[in-house]
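K.L.:
Sequence:
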Amino acid sequence: MEGGIAKRNQKNRYMKRIVDAVGEDFELDGYFSAGLPRFVHKTSGIPFQFVPGGDFLMGFSEEEEHSAQALSPVLQLNVEEMRPIQRRVVGPMLVSVSPILNRQCFDEPGDFGSYSAYLTRDAALELAEKFGCRLPKESEWEYLYRAGTRTLFTFGNSLPSDDELEGWLSSNFESLARLRCNGFGLYGMTNPEWCQEQFTVSLADDATLLDGSYVIRGGGAYFWPWQDEEWVWCISAMRSPSSGLEEGEACLRLVRDVSFIDAES
16 MEGGIAKRNQ KNRYMKRIVD AVGEDFELDG YFSAGLPRFV HKTSGIPFQF VPGGDFLMGF
76 SEEEEHSAQA LSPVLQLNVE EMRPIQRRVV GPMLVSVSPI LNRQCFDEPG DFGSYSAYLT
136 RDAALELAEK FGCRLPKESE WEYLYRAGTR TLFTFGNSLP SDDELEGWLS SNFESLARLR
196 CNGFGLYGMT NPEWCQEQFT VSLADDATLL DGSYVIRGGG AYFWPWQDEE WVWCISAMRS
256 PSSGLEEGEA CLRLVRDVSF IDAES
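Mapping of the sequence shown onto the numbering used here: residues 16 to 280, in sequence order.
These are computed hints drawn from the structure, not numbers from a lab.
Some clues are possibly wrong.
Stated by the list, open to error - Derived pair list, reagent style DSBU-like, types lysine-lysine, alpha-carbon separation capped at 35 Å:
{"hint": "1", "residue 1": "31", "residue 2": "145"}
{"hint": "2", "residue 1": "31", "residue 2": "152"}
{"hint": "3", "residue 1": "57", "residue 2": "152"}
{"hint": "4", "residue 1": "26", "residue 2": "145"}
{"hint": "5", "residue 1": "31", "residue 2": "57"}
{"hint": "6", "residue 1": "57", "residue 2": "145"}
{"hint": "7", "residue 1": "152", "residue 2": "26"}
{"hint": "8", "residue 1": "26", "residue 2": "57"}
Unchecked claim - Label pairs and their in silico Cβ distance ranges:
{"hint": "9", "residue 1": "163", "residue 2": "222", "range": "25 to 35 Å"}
{"hint": "10", "residue 1": "84", "residue 2": "122", "range": "45 to 55 Å"}
{"hint": "11", "residue 1": "36", "residue 2": "87", "range": "43 to 53 Å"}
{"hint": "12", "residue 1": "24", "residue 2": "84", "range": "15 to 25 Å"}
The beta-carbon is built from N, C-alpha and C at its ideal position, and this holds for glycine as well.
Turn these sequences into a full structure, and let the hints guide you.
P.N.:
And the structure:
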């Protein structure tokens, strides 16, 4: 009994430290099912999820490659761009629950206000700064997408039914209740999203930069409904250069650093 009370008090202290660290721009808006607090940006009304820091293995593992080959023996992707496997450490942060929507960045979003907005990199950076946020680092993005998994996709090693995939791949965020979120409570990470860094030809520390091109993560939603093997764009480690964007536009997921010691003590 006493142990349970002590554990509950410890959790309450931890949650209070999170709320205090988030700052005055946000207000608490309940808790995700995993017990992680959710906030709302006061000025914009954009919902943000608190995600604790941690470490993970970044990149395309041999186990994930075997799972992909079980779906298609000949893979239409560049494995070397997603290797070598690297252990990365990520700090605690607030992350927008979905990509930024048309209604959140355009005065006249029209009939597509609830759809994810496609922005040039300059426009994405400007909007992020407006909200006191930033773009995710590439390692942060993969950490957020995986949400503690080591599977081929955030939703497992196999492809679910089209009806279930629709919940993962929809670009319409009018009703989150009908969509699927990952283990961190984040929606729509299958949309193509901007990351901070310039694109490198591999994950090696000394990898060559691809001039003028930045990292894009995600993308399976862009091609939905898929033709052939476009499911590869949902692979957790999948990465691509912005030079491959048809109109130089991708989606924006906001990140806000949370500065406190990420420990339940």
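K.L.:
None of the hints should be skipped; say for each whether it holds.
P.N.:
Hints, one by one, checked against the model:
Proximity of residue 31 to residue 145 is assessed by CA-CA distance (about 27 Å); at most 35 Å being required, the pair is judged to hold. Distance restraint check for residue 31 and residue 152: the Cα-Cα separation of roughly 27 Å lies within the 35 Å cut-off, and the hinted pair is therefore satisfied. Between residue 57 and residue 152 the alpha-carbon distance is near 25 Å, which keeps this suggested pair within the 35 Å criterion. Restraint check for residue 26 and residue 145: the C-alpha separation of about 33 Å stays at or below 35 Å, so the hint holds.
For the proposed pair residue 31 and residue 57, the alpha carbon gap of about 19 Å is at most 35 Å, so the pair holds. Distance hint between residue 57 and residue 145 is fulfilled; the C-alpha atoms sit about 13 Å from each other, no more than 35 Å. Restraint check for residue 152 and residue 26: the C-alpha separation of about 29 Å stays at or below 35 Å, so the hint holds. Of the supplied pair hints, the one linking residue 26 and residue 57 holds, its CA atoms being roughly 25 Å apart against a limit of 35 Å.
Separated by about 26 Å at the C-beta atoms, residue 163 and residue 222 satisfy the suggested range of 25 to 35 Å. In this structure the supplied range 45 to 55 Å holds for residue 84 paired with residue 122, their Cβ-Cβ distance being about 48 Å. Taking the beta carbon of each, residue 36 and residue 87 are about 45 Å apart, inside 43 to 53 Å as hinted. With their beta carbons about 49 Å apart, residue 24 and residue 84 fall outside the hinted range of 15 to 25 Å.
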